[in-house]
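Residue-level listing of the chains:
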Amino acid sequence: MSVTAGFFLNRGAFSLDVEFELPGRGVTALFGPSGCGKTTLLRAMAGLEPEARGYLKVGDVVWQDGHYCLPTHRRSLGYVFQEPSLFDHLNVRRNIAYGQRRMAREATGSSMDRVVDLLGLESLLERKPQQLSGGEQQRVAIARALAVNPDLLLLDEPLAALDEARKAEILPWLESLHRELSIPVLYVSHARDEVARLADHLLLLEAGQLSAAGPVNELFARLDLPLAHRPDTETIIQTRVAGHDPDYELSWLDFSGGRFILAGNQLPAGSPARLQVKANDVSITLDRQQGTSILNIFPAVVDEMAADGRARVMVRLKLRDQPLLCRITRKSAAELNLMPGKAVFAQIKSVALLL
Amino acid sequence: MSVTAGFFLNRGAFSLDVEFELPGRGVTALFGPSGCGKTTLLRAMAGLEPEARGYLKVGDVVWQDGHYCLPTHRRSLGYVFQEPSLFDHLNVRRNIAYGQRRMAREATGSSMDRVVDLLGLESLLERKPQQLSGGEQQRVAIARALAVNPDLLLLDEPLAALDEARKAEILPWLESLHRELSIPVLYVSHARDEVARLADHLLLLEAGQLSAAGPVNELFARLDLPLAHRPDTETIIQTRVAGHDPDYELSWLDFSGGRFILAGNQLPAGSPARLQVKANDVSITLDRQQGTSILNIFPAVVDEMAADGRARVMVRLKLRDQPLLCRITRKSAAELNLMPGKAVFAQIKSVALLL
Amino acid sequence: MFAEQDVAALLLSLKLAGLTTLILLMLGTPLAWWLARSHWRYRYVLEALVALPLVLPPTVLGFYLLVALGPEGPVGRLMEALGGSSLAFTFAGLVIGSVLYSLPFVVQPLQNAFQSVGLRPMEVAATLGASPVDRFFSIALPLARPGFLTATVLGFAHTLGEFGVVLMIGGNIPGRTQVISIAIYDHVEALAYERAHWIAAGLLLFSFLLLLTVYRLNRRLPGART
Amino acid sequence: MFAEQDVAALLLSLKLAGLTTLILLMLGTPLAWWLARSHWRYRYVLEALVALPLVLPPTVLGFYLLVALGPEGPVGRLMEALGGSSLAFTFAGLVIGSVLYSLPFVVQPLQNAFQSVGLRPMEVAATLGASPVDRFFSIALPLARPGFLTATVLGFAHTLGEFGVVLMIGGNIPGRTQVISIAIYDHVEALAYERAHWIAAGLLLFSFLLLLTVYRLNRRLPGART
Amino acid sequence: GEVYIAVASNFAETARQLALQFEKKTGQKVRLSFGSTGKQYAQIRHGAPFQAWFAADARRPMLLEKEGRMVSGSRFTYARGRLVLWSPTPGLVDDGEKILRQGSFRHLAVANPRLAPYGLAARQALESLGLWQSLQDRLVRGENIGQTFQFVKTGNAELGLVAASQVLRDGMPVQGSYWLLPADLHEPIEQQAVLLKNQVHAREFLEFVAGEAGRAIILANGYEVP
Ligand SMILES: Nc1ncnc2c1ncn2[C@@H]1O[C@H](COP(=O)(O)OP(=O)(O)OP(=O)(O)O)[C@@H](O)[C@H]1O
Ligand SMILES: Nc1ncnc2c1ncn2[C@@H]1O[C@H](COP(=O)(O)OP(=O)(O)OP(=O)(O)O)[C@@H](O)[C@H]1O
Ligand code: MOO
Ligand SMILES: [Mg+2]
Ligand SMILES: [Mg+2]
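Protein chains in written order, with the working numbering: chain A, 1 to 355; chain B, 1 to 355; chain C, 1 to 226; chain D, 1 to 226; chain E, 1 to 226.
Think of the hints as simulated: they come from the structure by calculation, not from any bench. All C-beta atoms in this analysis are idealised placements derived from N, C-alpha and C, irrespective of residue type, glycine included.
Derived DEER-like restraints, expressed as beta-carbon distance ranges: (1) A:G214 x B:L125: 32 to 40 Å; (2) C:L119 x B:G24: 45 to 53 Å; (3) D:P30 x E:G211: 55 to 63 Å; (4) B:K342 x A:G214: 46 to 54 Å; (5) A:S271 x B:A269: 48 to 56 Å; (6) B:E122 x A:R11: 16 to 24 Å; (7) D:P71 x C:E80: 50 to 58 Å; (8) D:P71 x E:V200: 22 to 30 Å; (9) E:R114 x D:L46: 33 to 41 Å; (10) A:R11 x C:E80: 52 to 60 Å; (11) A:R288 x B:S182: 50 to 58 Å.
Chain A extracted, bound-state conformation (with noise of 0.2 Å):
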């Protein structure tokens, strides 16, 4: 069910442009400044966007040629819009009811409950839209798109209005519901955090083009994009659960560069797992220290440096073929005398390794 999809918009002052595939599944981030045309494109796909002109093909069908476009109900999606947009004369149930009963495919009634489930809304589904706060609509609009069981999920920043704890619960089902469903899913966010956790690709958008596309982890690994540049810069490493240690409810995680531990033990060993290391938690020793708190100390080797503002630098590592960003002060690089090639330590706090 992969995507192929290229469009072309011009509206004034702002003109999309782009031409890009989604991988068959997993959730590939959609990711840009505020009006650079991220809902836009999610709208041109949708059919919304009765102007815009170009292709988009979903698995074997085409939705959109030159020639051609399958009207809106006729493509078999989900469409999270960036305001909740619910129905104002039907009450929570029958908003989510909506869409699950006209869907093609069997019906699959245990989607209701699962999604009220999961979305917390046992409580709210004889409630009409008006009598909900800002984020209980916005859960009941995910809940929505979710039930109809679509080819292609496209979620414009479904989370913005949601707390923390929230997030927490829907971000891994949304994981497993993309791996269980093997469909595409296009992601709109502004959070770097998100992304990381959830994005196997990443579509990086600025004024209507793409500026980069391409996995994740390659992606937040490139010094070259403004990516790499904002306060969250992190590296994505991929990794496979290698054992347990029962006593202190560790995890062991292999990769190219060494062995990761990491709290928690709920993943089977040998399934593999995403880690993500924000810059900003990777400290650079000379030494192997002893004594620490941080569990996670690698042998690594400078492979880049580049100015990061003025007082900072971001230092690239290799730790083994596996690169990894860390960001320190211009001071700390001077002092340790860093310099590409150079042997040195590379300190991550456990704790701050992410599923």
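The hints should help you fit chains B, C, D and E with the ligands onto chain A, whose structure is shown.
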């Protein structure tokens, strides 16, 4: 211009029952899960919930008590609603000018230019709201509320739809704003970052009741509140700028427990500065270490320890009398043999410090 | 108190008003929808045309209808060519006249209502798999409810009270085209004021109760924020 | 082509329709606003009352108005007690009759329009310091524009074409209460078809151009998302 | 010096000619208001500012006299109406009574007997012919004689009993075929005029109508004069 308030409202399944004070200046964050009543409280303070009983005094002026209720338009307030809520029939310029023209106090013609400039709205001034992206709409709504120079600012998640870069521009301005204007600001947010960065005080709301209220740095350091067990738990430390290292563009910041080194040298010597230290960014060593990129290392004493999930512990250190939260694995705590009273060193990566 | 003939006239009026309102809603809804949604450049010409019958006095409109329906009029010829007979002095003719005359009272409120529904709910419904017809019925109609209420009330009441057009093309045939408005008028003209008062009072009371019921059922739910 | 008297009738009609529409908007706006906003339990009674005059045939409504306004009617006596004279057969009387008869066509679209404005924009305006009157004029009115357009068009056109009420309480006095709709009717009755056709055609053309202009100016801006 | 005069619709055209002559002769301006006799009676009772009234029958002027609402002694018959069976189709009613008896038509238009004197006369005539019952379901009723004429004129009714004044100019039909009903088939249609206010120019106008010149004009328009 301090604020004394109490509100009671019964709405069936939900009831609001709060009493609190806001200091005369500075930002108070209103924090709590979705549906806990944050929007309802703000609306009541604005006089928009006619069914809410209660009292509200802003400075010396009674806005509401048992017998009397100042109508909304006579309350000198700025309110950014949770949804942008722009006037559809007015373009951006006239949306912003709407409140400004109706101010009682001397017109500050410059404030329009200032907010337009700050929020990057120059190129959008002639657009209608329907022609704006979600984030652009929210920026206009913020500009409109700020342009009236109110006595009390109520902000309902104003930055939720904004990208990090734009947030990073607006946050310092909001800070400077409340410093200059010396008015109370009540700020709803789900993001601890924003709260930590902006707020001096905190109201913790749960199911319509205040579960805690007080200075941010105290509340963030309390291990008994749910706040302490979120992935982004942090400590706020009040410091004063002692001087600068011109070579490396670093600043020295003194607090009761020692001297921080901070990248950047914008702050003038002598001015106060607030530091945010994430519990995840603090590591503990038994000896003071050498040859490390970490610049901020302080002698500390273990004050209290609390389990944080099953694999981790939250440790409260004392740097003289400054508390500092630190999250490490249970394994590290065991290996370092930590216990209350033990003398250790706290390592904080300088780049992990925020203004 | 009420003569048999007056009762017959009342029943005929109700039948006429009901049928006319039904037809008006059926014709007016797609027309209003199209007017509310179309981006056709000359849409406003059609809007103006719809409101036009209003400016003619009903009797004059009735006169022209009579001309059109007559054997030499376009409609009359068409009917004859089709093997039918003239529509003048028939109930069907009354319906046609009333529909034409009350059209703007139905189309305009509906058009406004559809406009205020906005595009967004329709777009959302489309992404949820609802076809245009489906989303029209499941979303646009319920959201436009106040407009439908207004359209129905104005259309029905206006037809009940309509008089000039009906008089002109109906021929005032008791039991066939004599509606209640004409009956009251007749009594007034014939100086049978007492009888006119009774029927007028009865009609007013009946209509008031009807309107009361309709508006009462339509009360807004309390406590809605927006 | 047009006799002097017909021109006078046309001008009188325009004056009547214009003034009536103005008064209707002035009366109807606060009434519609109140109906749209009030939470009074028995609001619906008033709603039903507003629509009630519609169900009476205009001549009959006119007859009761005549009774009320005439020197022996309650309003007429009041006027006389106040030192004025009866309003029947005066231009003022026509205005009163037309206002009463066209009220629902103005109130209902306005009420719907105000309802669809919603509370939110008004709340926002209040927080920006706008008093109730201020925000009514600066927010509710412009947002209710389509409703005002409909109300104005229906009110104006309906008064132009109004006939029964005006004939009854006006007495068809040339230069004083003979409006264009009655003039056309007179010509038709007097078998002066030619003249009736010309005036009707002129009136239609004039109204069509007027409506065209109004609707054209009101065209929606293209490209709006919602 | 203006004179305001109410005139029954059927006499409208004739009254215009009379007024024109009168104006030429005296330089006085005459303002004519047309309407049905029933309506005008109600209006006069409620203070209409007319100085004289040309009714379509004798009944309502007599009522006025009884009520003392007119200048006593001023009532007189200004014209006597004649009924014709008329069809715009040449030859159709050449054989007057026969076609009525054959019944080879779908609609026969008459004026409403309750409202219009010509209607009453039509009823009396048909009753005299013994056809009133048998023709019941082919009768279409106009509110007044003008409307009845239009039913026929537009071809919607094949023939009708209308006023001679409507179809005869100087004794010849304007169009089609006619049968002048023998005067003994119905009671005479006495059209009476009254002076409502003792105003000098109004009195002069009535005198003019009753005089030689007036009678000539009335005769030429298809009425008989006493
Ligand atoms: N009109 C209403 N009728 C009944 N309950 C309502 C109504 N409006 C809001 N509520 C309920 O009141 C509670 C408080 O709502 P409020 O909007 O204040 O929440 P909030 O804290 O702002 O949430 P969020 O962060 O999601 O915006 C919620 O549980 C909500 O469901
Ligand atoms: N109807 C319109 N007419 C003209 N320009 C428009 C219109 N709608 C949107 N735009 C512009 O198109 C650009 C892209 O808008 P879009 O909504 O896709 O942005 P976005 O990336 O979703 O932003 P955000 O993160 O703020 O939601 C913006 O610059 C916006 O101002
Ligand atoms: O002119 Mo009349 O009112 O038909 O007799
Ligand atoms: Mg967007
Ligand atoms: Mg809220």
